[in-house]
Each structure stands twice: as structure tokens, then as C-alpha cells.
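A.B. asks: Residue strings, one per chain:
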Amino acid sequence: MTDLTAKTITELRSGLSAKEFSAEEVTKAYLQSAEDASELNAYVRLTPEHAVEQAKVSDRRIADGSARPLEGIPLGIKDLFCTKGIETNAASKILKDFRPVYESTVTSNLLRDGAVFLGKLNLDEFAMGSSNETSAYGPVINPWRRAGEDTKLSPGGSSGGSSTAVAAHLCAAATATDTGGSIRQPAALTATVGIKPTYGRCSRWGIVAFASSLDQAGPIARDVRDSAIMLTSMAGHDPEDSTSIERPVPDYEKALEGGVKGMKIGIPKEYRLDGMPSEIDELWQKGAKLLEEQGAEIVEVSLPLTKYALPVYYIVAPAEASSNLARYDGVKYGLRVHDDDIHEMYRKTRAEGFGREVQRRLMIGTYVLSAGYYDAYYLRAQKVRKKIANEMASVFQDVDLLLTPSSPSAAFGLGEKSTDPVEMYLNDVFTVTANLAGTPGISLPAGLDGQGLPLGLQLLAPAFGEEQMLRGAYALEEAIGFDAQPSKWWK
Amino acid sequence: MSLDDATVKKVANLARIAIRDEDVPHLKEELNGILGWIEQLQEVDIEGVEAMTSVVETDIPMRTDITADGPTGGGQPENIVANAPKTEDHFFVVPKVVE
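Sequences listed follow chains A and B, in order. Letter 56 of the first sequence, counting from 1, is numbered 56 in the UniProt record's numbering, and no numbers are missing. Letter 89 of the second sequence, counting from 1, is numbered 89 in the UniProt record's numbering, and no numbers are missing.
Hints listed in this document are in silico derivations from the structure and should not be mistaken for laboratory results. Treat the hints with care, as some may be off.
[To be verified] Not everything, but these chain A residues come out facing chain B in the computed CB check (under 7 Å):
no., residue
1, ALA351
2, LYS383
3, VAL422
4, MET424
[Claimed, not checked] 25 Å max Cα-Cα, derived BS3-like pairs, lysine-lysine:
no., chain 1, residue 1, chain 2, residue 2
5, A, LYS264, A, LYS289
6, B, LYS9, A, LYS93
7, A, LYS332, B, LYS28
8, A, LYS96, B, LYS86
9, A, LYS84, A, LYS289
Here a beta-carbon is modelled for each residue, glycine too, at the ideal position from N, C-alpha and C.
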């Protein structure tokens with residue numbers, strides 16, 4: 001029998017409708033592969049009974065001709081999305097045993113379209129991290145290894161469970177979230193495709209909040225087409241999220257064809273960093289050349305404020321987090337460490353419940369918002385952010401897309417970067433500007449480095465430019481023809 | 001601006017995170033490392049720039065003035081307290097706060 005887990009959403013869709021296999025068979029094949037891959041630590045929780053039940057519903061609908069767009073497609077859900085009745089912990093001890101009584105809008109949309117949920121995927125605690133090492137469940141292991149080595153590598157973060165599960169074929173596609181690069185960087189490190197949509201494109205309702213003006217949900221999938229199919233289902237206006245945009249959702253799959261002929265694509269010169277591996281620079285140039293060969297006009301552009309994006313982010317994101325995470329106080333949900341004094345109870349609960357990176361960010365956030373420092377840090381950062389957003393908007397007056405690398409390095413070993421917080425933060429240097437500006441970005445596999453590890457290229461577009469971005473990504477994907485797979489050493 | 005021991009303790013208290021005295025030196029070092037790196041924002045000319053207040057240009061929506069139904073609506077105390085560590089008769093139970 002063919003390996004059902006090797007198929008893309010597109011292939012599953014046609015096989016299911018032609019009744020070559022059933023949704024139940026596909027779901028069971030994925031559950032088996034997920035169980036066999038427990039060493040990768042991608043899932044924090046599988047929900048097999050739930051999944052099989054959903055698959056049976058899908059089979060009935062396929063049989064009676066009422067199949068929905070994602071009918072019977074098995075997905076993994078980042079454990080930051082609230083799923084009704086199914087434990088959701090955001091990889092934090094402080095949300096121990098938390099069982100949401102409601103379903104997030106994005107996962108509701110996927111269920112509405114017939115998707116099957118296999119279980120919840122690991123992540124950095126509260127999505128704060130770039131390596132998945134801050135998870136209370138321990139790190140996720142990248143299915144990719146350096147040639148001839150068995151060193152455990154990080155799958156990136158914070159959506160490391162999502163990227164690993166997609167790359168190792170433990171789900172057909174996954175939900176993820178991106179606050180500073182948490183979809184695109186892990187996608188780049190695992191040879192998967194990740195989309196961070198325009199701010200407001202997907203509802204944030206029911207997603208455990210990290211930094212509300214930056215958080216945005218999106219898919220990680222195997223190829224550009226699958227990511228477009230996922231985004232079409234995930235996106236949409238939601239009255240429960242006042243920042244969600246009332247604007248019709250196009251069928252993104254229909255936007256793929258058409259090529260880049262006549263498009264103007266910018267290469268931001270400030271993204272050429274000192275000390276960046278030459279292989280990344282070569283792949284970047286190769287990507288530009290491939291787009292040019294297909295009729296795009298390549299121009300160099302300048303974004304001089306680029307280097308300030310990360311420092312702005314590390315004021316704004318912790319500030320918003322310190323406010324959002326104030327709700328974890330041992331009263332309403334999750335962990336409580338008892339003390340007779342209520343303030344002591346708060347302090348002990350939060351000390352015990354939050355990991356070190358989260359505590360660090362909460363303290364930074366509290367400090368930059370505190371009396372006497374607000375103007376110097378937070379207000380200044382929001383002004384620089386405005387300048388960065390204006391700079392991006394003005395570049396997009398001139399070009400349709402920007403082409404950049406997705407991350408400054410290939411996958412790194414666990415523990416290699418976790419000692420210095422600032423070094424870890426630099427992982428998001430190419431991705432974070434899109435979060436500050438609220439604009440969309442996509443990362444797709446571009447090639448392998450000398451050690452056999454995948455590297456990604458990123459396309460950035462102006463706000464609500466997802467269609468042109470996907471058209472560019474699809475053309476680039478076709479031209480690159482990336483088809484490497486990790487060896488299934490964990491089986 | 002660099003944090004001293006007293007400020008680290010004050011910030012931890014404001015963030016309601018209990019820290020031990022022996023944690024203060026390394027926390028101070030980490031926080032100062034991050035703040036030192038952030039300091040480069042002082043170079044940027046922000047004269048006359050308005051602070052960013054919304055990410056995507058849009059009007060703030062007004063909702064109709066009616067009680068919501070569904071998960072954000074009222075009349076569901078059992079759901080509200082469903083995940084609380086300690087409850088009694090649909091109330092959250094906390095240590096005594098009034099002397």
C-alpha cells in the first residue's frame with residue numbers, strides 16, 4: 001500500500017474524492033506515524049479517538065457528496081489555539097490542566113471546513129522563543145540532521161512542533177502563529193512552507209495571547225499550494241476580534257498561477273549581514289536570478305531602519321506580554337501555589353508556573369512600562385515602529401514583493417544558542433519587520449547547505465498582498481524544484 | 001540606563017514573580033544585556049513622529065449594544081469557573097484579602 005502520509009493536501013483531496021482510500025485510513029496512518037515519532041517530541045498530546053470520530057464523519061460526507069474544502073485532512077494544532085474540551089497549555093506549567101470551554105475561531109474555521117485534528121503540537125512556552133527549547137514539555141527535535149551526524153538540532157521556534165510535524169509527515173499541515181518570525185523561521189529550518197498573513201487576516205480570538213499587536217496565525221504546510229489551501233480556510237473576519245479585518249477572503253489557491261512576469265521584486269540591501277553564511281547569500285542570489293529568468297524585474301532597495309526592528313520588537317512584545325500574562329495569577333485557571341497572603345500566592349504561582357525566558361520577558365516588559373521609563377522605552381519604540389512601518393509601506397509603493405533569506409543560519413544544535421538571550425533573538429532578524437509593520441510574509445525551502453540542512457527564502461508583500469505573494473512563491477517554488485526529504489531515522 | 005539589585009527586585013515584585021536573592025545577580029546581568037542592546041534605539045530621530053497605535057489602517061468597529069450570546073455571553077457561571085483551582089458556588093476562592 002502507498003504511504004498515505006507522504007501525500008500533500010492536494011493529493012489527499014483528490015484521492016479521497018476518488019475513494020482510493022478513506023479519511024479513516026488516512027487519519028490512522030498519521031496517528032501511527034505520530035506515535036512512531038514520539039522521539040521528536042512534536043506532539044504534546046494526541047487525540048486519536050476524537051480524530052477517528054471526525055474522520056468517520058468525513059467519510060460519510062464524502063460518500064453522500066457533501067464534502068467540505070478540507071474534508072478528512074488530518075492536521076496538527078499548535079497548542080496555543082484553544083480547542084474545546086481538549087487540554088491547551090501553551091507549553092507552560094502555569095496552564096496545567098487548562099481545558100478551554102470554547103474553540104478558537106481559526107480552529108473553528110478549519111473544523112467548519114471538514115479538517116480532522118490529530119492532536120496538539122509543542123511550542124516554545126507562550127510562543128516565546130526561537131528554538132522550542134523554552135517549552136515546559138522539553139524541546140522538539142528537528143527531523144533534519146547534519147550529514148553523517150546524529151547531533152540533535154532545533155526545528156526553530158516558536159512553532160517548532162508544527163514545523164517538525166509537517167516535515168516528518170506527522171500531519172498533512174499544521175496551524176502555527178507568528179509574533180516575530182515564529183512561523184517563517186521554523187519553516188525555513190525544516191524545509192516546509194510557512195505563511196505569516198497580514199495582521200487582522202486571521203482572527204486572534206481563542207489563541208493564547210503573547211503580544212496582541214504582533215500575533216498572527218498562519219499555516220505551516222509541505223508546499224505553497226497546501227499553504228494557500230490552509231490559509232483560505234483559516235482566514236476571515238471575526239466580530240469577536242476587533243482587530244480582525246472585514247474583507248472577503250479570496251480563494252488563495254486560485255492566486256497561485258500566473259507567474260512573476262512583469263512583477264518588480266526588491267532585494268533589500270540591509271539584509272546582507274556581516275558574518276552570514278555565504279551559502280545563504282548564494283541561495284538568495286540564485287532565488288533572485290530564478291525570478292528574473294521568469295520575467296520579474298529585480299531591483300535593489302534600501303530599508304535603512306532594518307537594524308532597529310529587533311530592538312523595537314524586544315520592547316513592544318515583552319510590554320504587551322507583561323500585560324497579557326497578568327491574567328495568570330493562580331485564581332482563574334491553571335496552577336496555584338498556595339499561600340495565606342494573596343500577593344505571596346501570586347508571586348509564588350508565577351515563579352513556579354513560568355519558565356525562565358517567560359519570566360525574563362515579563363520583567364523587561366514590566367520595566368519598560370514602569371513609571372519613569374515608559375517614555376524612554378515604550379513610547380520611543382512605538383515611534384520607531386511607526387517609522388519602520390512607513391518605510392516598508394513606501395518601499396511597496398515601488399515594488400510588488402521583497403525577496404530575503406528567512407533566517408540567518410540553518411538549524412542549530414539544541415543548547416548552542418540558549419545561553420545568551422540576545423543571540424537567540426537575532427534569529428528573527430529577517431522576519432520581525434513584517435510583524436512590526438503588520439504585513440504578510442512567506443518562507444519556502446530554497447536548498448540545502450554544505451551540511452545537508454535546509455535553508456529558506458522569504459517573500460514579503462504589502463498589507464493584504466497575500467495573492468501576489470503566493471503567486472511569487474509558487475513561481476519560485478517551481479523554479480527551485482526542491483525535493484529533498486529528511487531520512488526517517490526516528491522510525 | 002542599567003538596573004541595580006534594588007530595581008531588579010522592584011521589577012520582579014511589580015511583575016508578581018517571586019525571586020530568590022541568589023537569582024538577582026544573573027537576572028540583573030541578563031536584563032542589562034537585553035536593555036543595553038535595546039539602547040541603540042536612542043540613535044533614531046523620532047522628532048515629530050506619532051507613536052504607532054494600530055497595525056492596519058482601519059476604523060475601530062462599534063458593536064451593537066446588546067448582550068452577547070455564545071461563549072462571550074452571560075449566564076454561564078459554570079463555564080467561567082470550570083478551570084479555576086478553587087471555587088465555591090460559582091465564586092473564585094482566594095486567600096483572605098481583608099483584615
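A.B. asks: Next step is simple, just say for each hint if it's right about the structure.
C.D. replies: Verification of the supplied hints:
1. ALA351: With a closest approach of 4 Å, the ALA351(A) hint holds.
2. LYS383: Where the cut-off is 7 Å and the nearest Cβ of chain B is about 4 Å from LYS383(A), the hint holds.
3. VAL422: holds (5 Å)
4. MET424: Cβ of MET424(A) sits 11 Å from chain B, so the hint is violated.
5. LYS264(A) x LYS289(A): holds (13 Å)
6. LYS9(B) x LYS93(A): Distance of about 23 Å is within 25 Å: holds.
7. LYS332(A) x LYS28(B): violated (31 Å)
8. LYS96(A) x LYS86(B): OK: LYS96(A) and LYS86(B) at ~14 Å, within 25 Å.
9. LYS84(A) x LYS289(A): With Cα atoms ~47 Å apart, LYS84(A) and LYS289(A) exceed 25 Å; violated.
This entry does not satisfy hints 4, 7, 9, going by the numbered hints stated previously.
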